[in-house]
Amino acid sequence: MADILEVHHLYKAFGGVKAVVDVSFNLKDGQLLAMIGPNGAGKSTCFNLINGQLRPDHGDIFIMGKNVNGSKPRDVWNLGVGRTFQITSTFASMSVLENVQMAQLSYYKRTKSLLQKVGRLYVDESMALLKLLGIEDQAERACGVLAYGDLKRVELAVALANKPKLLLMDEPTAGMGPSEAQNLMELTKDIVHTQNIGVLFTEHDMAVVFNHADRIIVLNRGELAAEGTPDEVQANEKVKEIYLGHGEPAGIGKKELIPADSKEA
Amino acid sequence: MGFYLVQFLTGLSDASALFLVACGLSLIFGVLRIVNLAHGSFYMLGAYIAFSLIAYLPQGAFFFWTGILLAALIVGLVGVILEVFLLRRLYSAPELFILFATFGVVLMVQDLSRWLFGAEDILGQMAPGLEGSIDIMGTLLPQYDIALIVIAPLILVGLWLLLNRTRWGILVRAATEDREMSSALGVNQTWLFTTVFFLGSCLAGLGGAVQLPKGGANLLMDLNMIAAAFVIVVVGGMGSIPGAYLASVIIGQLNSFGVLIFPQSTLFLMFLAMAVVLTIRPHGLFGEIEAEEHAAAQTAGTVLKPASKKVRLLGLILLILIFVLPVFVGQFTLVLMTEIALFALVSMSLYFLMTGGMVTFGHAAFFGGGAYSAALLVHHLQTPMELAIFFAPLAVGLLALIIGWFCVRLSGVYFAILTLAFAQICWSVVFQWAEFTGGDDGLLTIWPSKWASEKIVFYYLTMVLCIGGILLLRFFIFTPFGYTMRACRDSALRVDSIGINLRRHQWLAFAIAGVFAGLAGGVYVFSKGSVFPDEMAIPRSFDFLFMVLLGGVETLFGPVAGSAAYTWLHDKIARFDFWQLAIGCIFIFLVVAFPRGIAGSVHNRFGKFFED
Ligand SMILES: Nc1ncnc2c1ncn2[C@@H]1O[C@H](COP(=O)(O)OP(=O)(O)O)[C@@H](O)[C@H]1O
Ligand SMILES: [Mg+2]
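Line by line, the protein sequences give chains A and B. Using the numbering used here, the first residue of the first sequence is number 1, and each one after it goes up by one. Using the numbering used here, the first residue of the second sequence is number 1001, and each one after it goes up by one.
Worth double-checking, as some hints may not be accurate.
[What the hints assert, rightly or not] Beta-carbon label-pair distances, calculated as ranges:
1) B:1539 - A:177: 50 to 58 Å
2) B:1305 - A:179: 33 to 41 Å
3) A:177 - B:1405: 48 to 56 Å
4) B:1307 - A:123: 13 to 21 Å
5) B:1173 - A:109: 41 to 49 Å
6) B:1216 - A:109: 57 to 65 Å
7) B:1173 - A:40: 23 to 31 Å
8) A:147 - B:1313: 32 to 40 Å
[What the hints assert, rightly or not] Some residues of chain A that are not near chain B, with every Cβ distance over 12 Å (derived):
9) 6
10) 24
11) 30
12) 33
13) 38
14) 57
15) 64
16) 134
17) 147
18) 171
19) 187
20) 214
21) 232
22) 237
23) 240
What the hints contain is simulated information worked out from the structure, not anything from laboratory work. Note that the structure is a prediction, hence the values are computed from the model and not measured. Quick reminder that beta carbons are idealized off the backbone N, C-alpha and C, glycines included.
Just chain B, same shape as in the assembly (with noise of 0.2 Å):
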């Protein structure tokens, strides 16, 4: 019985901090309709930020708590500095833009924090006064934990007060309701914008704050965050604080109780508790029906046309040269090449939902999925190359189906924050699941069959496939089913009144995305020999979005051009140290200079070249 007391009290401390960042996630996308892929690295930052202060400051109490929310305070001042010098020029770009660009920042953290704070996962200080247990019937409970069970109901009574009781809550909850309301009553934007924004940084960095002494800090904390966080945002509904606390105690105790029944991934548990909410309420406990609404339609794209005479040329003689590479260049090349055509086909399958408006931001897990499926088959059952190859896409198109399900009840950014939520659970399974995944380890020893072990046989295989599969993807979109995606992009209204079923469309349209993801993945997997959690992570996701970006949404040719340009620049880039503070540089400017979309402007410039 304290057993299980204790365990369900553990529950509610994890909830905690759970709860500060969720709701700091929520506020902020109430007020300013954007999501912050960041919030995750702000909670990491507290985290950190408090280590330092509390080992800095003198020992007690009194400088324990002080140090605690002087760390809070800090990281609200970051997100000052976030949003009054990037975030405030990007309003009125695409919301796709705006994720994007906190992207970016997610990379930079991540970076400095490893430059500042050392890879090393660090071991918080205890809270001076709370260090023992406590004795429930037989069982120990950790004091800090009564600490944080107790902190979480009297932030949500604190917000409640702020937004009931003050002008400025009353603002915040006219802004949330209507803002176009708002900003006609006058209101200074500019300044609320400002203040939610730190106000929800402040909760996010005190949230990786008081859970120092319990969980420490890491360099994971921050994806492993912003995937809970939209868990549990998409659970208690977008912009409610109160589901946002509901959602954190249901999580947190599914943590908590997971542990005992399915060890292996407590992340799968948070799944099922997703996706039974969704079914039953799609927009979440306390969600409005409207939010659905206020999900802008993805900037229409311009009429498609077959290819011209120039471009069919321009194929052809790439197609020719991609045919007597070998002869002319080295094997480093040769690799390099495998890799841009597997990218190239992920990306193009990625185009291929965009164009039906899905915009995922966890294609990551197909294409990580097909390089498990492939793995794990020869792995543990000896398969050959060419079944391994022959089940990762089909593997990998009933994953999509499962998740699909779920995430085409939503539109626009919620179905991006969906499918993010759903990845990082995909990546979760297979990175704690070390029994049967490898987890961190990775799979290794993963070769061709003997007859493609050559790197100049693997290379003709992968172009055949990848090829094959690209043109193949480029027909879908000219058929009917492509038609019909597009429509689903352009107007549901008008789609749902011509009697075409949009969630089946996109539904089918998603595993047939899943299907070529994996099929690369399947491939990739055989050509680097090994496979690793990274594959399916977060970041992949991105790389793969900023592929179709970069070269462009309005032509079938971009997620080509786009791989090629990414995976050579990544190639280059990776060798340095901070790459990765880099390419979220190289985000964030893009995003800045391009405000209409990257390739869209080079589009313009070059697109009457290639016109008959």
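One chain only, chain A, in its complex shape (with noise of 0.2 Å):
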């Protein structure tokens, strides 16, 4: 299988900050791979980095082969890559429709076309979109007025109208209940198996985590702390140092690192 997603030694400071600090690894398709980290590890940044929202000061990111040094965000969108937000970003004054919409546009570059109105332009395939993250209810209202739990969702319709290959996702859930966050997961690993993308994605509840990803690396001070499968994480006496020295980050209890008993939940 070819490596979706390839990080080669990736630097980033602001300031005096080392946010990341040589952190490689890799993504294949169909896979779920998490990270994980205190807050400030560096996760955010990272993602930042592989969309080209920031410039790496050392260090080779490939995507699909690509090597995506330099590119912007829309180039890296154009190579077929969704990502959402920590903070969520959607266009305030559309309704959730017309957010999607605005995506199909793109992704069939039609946005520079002033000879039809938009009208029911790609409604259809935006309403599929909105029915498989269960918002089809909230397609006519602004996203300015939406709960932050379905303007999570309209960012993960908007990223999967491009049809990536390769989906990032920052804090998916957060502003969801927990048992709303695992529905959303097991939709997410449900899309990437049937499609065939690799997911990067960050998260803090360690029950959705351990749950959900089929391989995990742990950041900590922008650094690499371990990696490998749920279970090796789990029995990694660094990562439990981590989470467990370090006081008790937000939301990351000793009793998440234990997974949570169903997983077929």
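Both chains come to you apart, so use the hints to assemble them.
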């Protein structure tokens, strides 16, 4: 299997703060890779480096074999990458449906068209995505007034509109209840397997991570602290120390390092 | 050799007043995050007040300089009055409303100055002891120029000491770098804001006062200076005082040597300098990149819906009324209606830009550009009306592509400032290049073709073009391109991450808006039979903005209603002698009374009625 994402020796510092230090990993298609670590570990920075929002100080990123060093976010999207943000970013004055339609218009390269109204362009495709994510009843509401959990779903729908080969999800379940979060990740897993795409995601709810990730990488203070299957990571002494030695970072208690019992849920 | 040296020194002395004004502007922006359009007016007031004081005080060098310093202090106090009584109420309003309110002040100061000091240009008094000239290798340099050359670096050093060596200065710098943090540190913001505004205004007044012996005082000083100060701030980098000095020197030298190379328009060289700097460093020579993030996003609009049945019906009734109107009314009303229709088209094109988050303060450049394109074609090439009206929008589209290429690199207030500076430069080219454009006297006898010379025929012609244009623009807003523009306004981050090139779309939108504003301008010149530089001047740009804001940015119908209301109001008020004063008061009143948007309030009340 080809590696859909390869990250080689990535470095990024903000002034004196070393946000990402010598991070390397890769991701195959059909795989869910979780990136975990305490707040400020450099997870979002990694995402921003991969999708071109930030430029690495050193290191290379290959997406489907193409070096994306120096690419802009829009170039990365055009390679077939969808992304959701930790702090959601949608078009507030547009309806949920229009947000997804916008992504479709971009996917089909129609954004410069001045000859016909948007009207029902790509409505069926967009509604199908909204249905998939269970927010079809919100389609006509403005994103500016949506609940946070629903906004996260809109972002996912927008990312999926790109028919991505690689999906980057920064805290996709923030703002959702535990069962809602499990459901969303279950859904993501389905999509990953049916469409054979690769997913990199961060998540603070350990139950979600250990239930759904195929592999896990652990970041701590910008450095790669551990890497492996959920079982390996869980057994890793260093990881326990990171989580327990630092006091207890938000949402991560001892209990949650033990996988939730219901793998089928 | 001596000649070039003198030219260089003249440039340096020109830079002094520019620097004083620009660094005041920059200082105020850095701390208060307010772009004070009245800053140029303070400069003008400085000159007038200094003139009056020096005339009143006894003769002699001591009293001369006392007069200059007193003038600066008085202007500083005027600034404090403005800050305390007006701006303080508006800090939570959208940035553009504050800009708008300060423009109201510009209009008021214009008329008040005309009333107090007269409309004639004033020749400044000579500085006692510095009346003569010195001989530099055979070329004469006025002694007063030397004084000016010395003043700017002195102020620069003084400001540096003030900002780096005093507690107050440290607070100012802290506030400039991080406003939230300094307020968290318990800095008394109210006091800090007022003192900074005082100092900034003093500097503007001082700038006007010290250039008095050289340039005198006149009523064009305010807008000319504000445009120049914007160019300097943009070139030097917003908030940077050394940047302001360097940029002033560059612009001063360009003015001085530019006269030798391109005497028609020295301001055109300013444009070139700005263009070069912005291409290489979009945030100016000393600007910080983060600055762009500070340019707060515009207030998000509401979801656009296609017209409801009631609105469509209303539109249809309006169309019928427009069609049958000539049967019932006289020529005078037809002329007024023609004007309203043309302004409505311009407002609609401005509104179209605003849906993309681009609030331009220089739309008059496109309207006036269209008018001048058509007029110049007729004047120099005897082009028939039909062709002139056809080429005017194309010419303006080209102009918009050039200006837009630079402007879309910036956003928010920076974008607004840059468009204003470009528009003022366009105005100055038309104003200064008299052989080609007629200068201040304008171009006359630009009449329609024979078949359209009847007022009634021209009325129908205008209506067809304007209504067609307005409906087309409205259609554009609902196309994929229009959606993309609204997306660009809502979230640049999201637009970029779904593969859309934001700048390219905004650039295209800029050109489209230019084409339609140019079309309106092209028709306008034939309806009036003449065109004057005023059509391109800054107040015109604000007229259009005002029409859009008056009509409301929430509805597509707004720009049309706003143009009608404003043109009618203007027609009534313009008969009074000091009508700018009145308009300025109205601007300020509306902004203070409706800080969330004038039409927004109306829309909230009546919007329900028009829903299905
Ligand atoms: N734009 C930025 N400027 C300065 N520092 C930043 C920036 N973005 C992130 N950082 C810093 O980099 C570190 C990693 O942040 P981040 O990647 O957001 O962590 P995480 O997503 O794992 O919580 C933090 O110390 C954060 O303060
Ligand atoms: Mg994060």
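Results of checking the hints against the structure:
Taken as a hint, the range 50 to 58 Å holds for the pair residue 1539 (chain B) and residue 177 (chain A), whose Cβ atoms sit roughly 57 Å apart. The hinted range of 33 to 41 Å is satisfied by residue 1305 (chain B) and residue 179 (chain A), whose Cβ atoms lie roughly 36 Å apart. About 49 Å separates the C-beta atoms of residue 177 (chain A) and residue 1405 (chain B), a value consistent with the hinted range of 48 to 56 Å. Restraint check, residue 1307 (chain B) to residue 123 (chain A): a C-beta distance of roughly 20 Å satisfies the suggested window 13 to 21 Å.
The beta-carbon spacing between residue 1173 (chain B) and residue 109 (chain A), approximately 48 Å, falls within the hinted interval of 41 to 49 Å. Checking the proposed 57 to 65 Å range against residue 1216 (chain B) and residue 109 (chain A) shows it holds: the Cβ atoms sit about 59 Å from each other. Checking the proposed 23 to 31 Å range against residue 1173 (chain B) and residue 40 (chain A) shows it holds: the Cβ atoms sit about 28 Å from each other. As the Cβ distance of residue 147 (chain A) to residue 1313 (chain B) is approximately 37 Å, the hint placing it in 32 to 40 Å holds.
Once the 12 Å rule is applied to beta carbons, residue 6 (chain A) is consistent with being away from chain B; the minimum gap is 21 Å. Listed as a non-interface residue, residue 24 (chain A) keeps its Cβ farther than 12 Å from every Cβ of chain B; the least gap is roughly 24 Å. Every Cβ of chain B is farther than 12 Å from the Cβ of residue 30 (chain A); the closest lies at roughly 24 Å, confirming the non-interface assignment. Against chain B, the non-interface label of residue 33 (chain A) holds: every CB pair exceeds 12 Å, the least being about 20 Å.
Residue 38 (chain A), annotated as away from the interface, keeps every beta carbon of chain B farther than 12 Å; the closest lies near 25 Å. Every CB of chain B is more than 12 Å from the CB of residue 57 (chain A) (nearest about 16 Å), matching its label as outside the interface. Non-interface call for residue 64 (chain A) relative to chain B: holds, since the shortest CB-CB distance, roughly 16 Å, exceeds 12 Å. Listed as outside the interface, residue 134 (chain A) is consistent with that label: its C-beta sits roughly 22 Å from the nearest C-beta of chain B, beyond the 12 Å cut-off.
A cut-off of 12 Å between C-beta atoms confirms that residue 147 (chain A) is not in contact with chain B; the least separation is 17 Å. Distance to chain B confirms residue 171 (chain A) as a non-interface residue, since its nearest Cβ pair spans about 16 Å, more than 12 Å. With a least beta-carbon separation of about 21 Å from chain B, residue 187 (chain A) lies farther than 12 Å from that chain, consistent with its non-interface assignment. Non-interface call for residue 214 (chain A) relative to chain B: holds, since the shortest CB-CB distance, roughly 25 Å, exceeds 12 Å.
Remark: the non-interface label on residue 232 (chain A) is consistent with the geometry, its nearest Cβ contact in chain B lying 33 Å away (cut-off 12 Å). With a minimum CB-CB distance of about 38 Å to chain B, residue 237 (chain A) clears the 12 Å threshold, and the non-interface call stands. Distance check on residue 240 (chain A): its Cβ is at least 36 Å (rounded) from any Cβ of chain B, clearing the 12 Å threshold; non-interface status holds.
No hint from the list above goes unmet by this structure.
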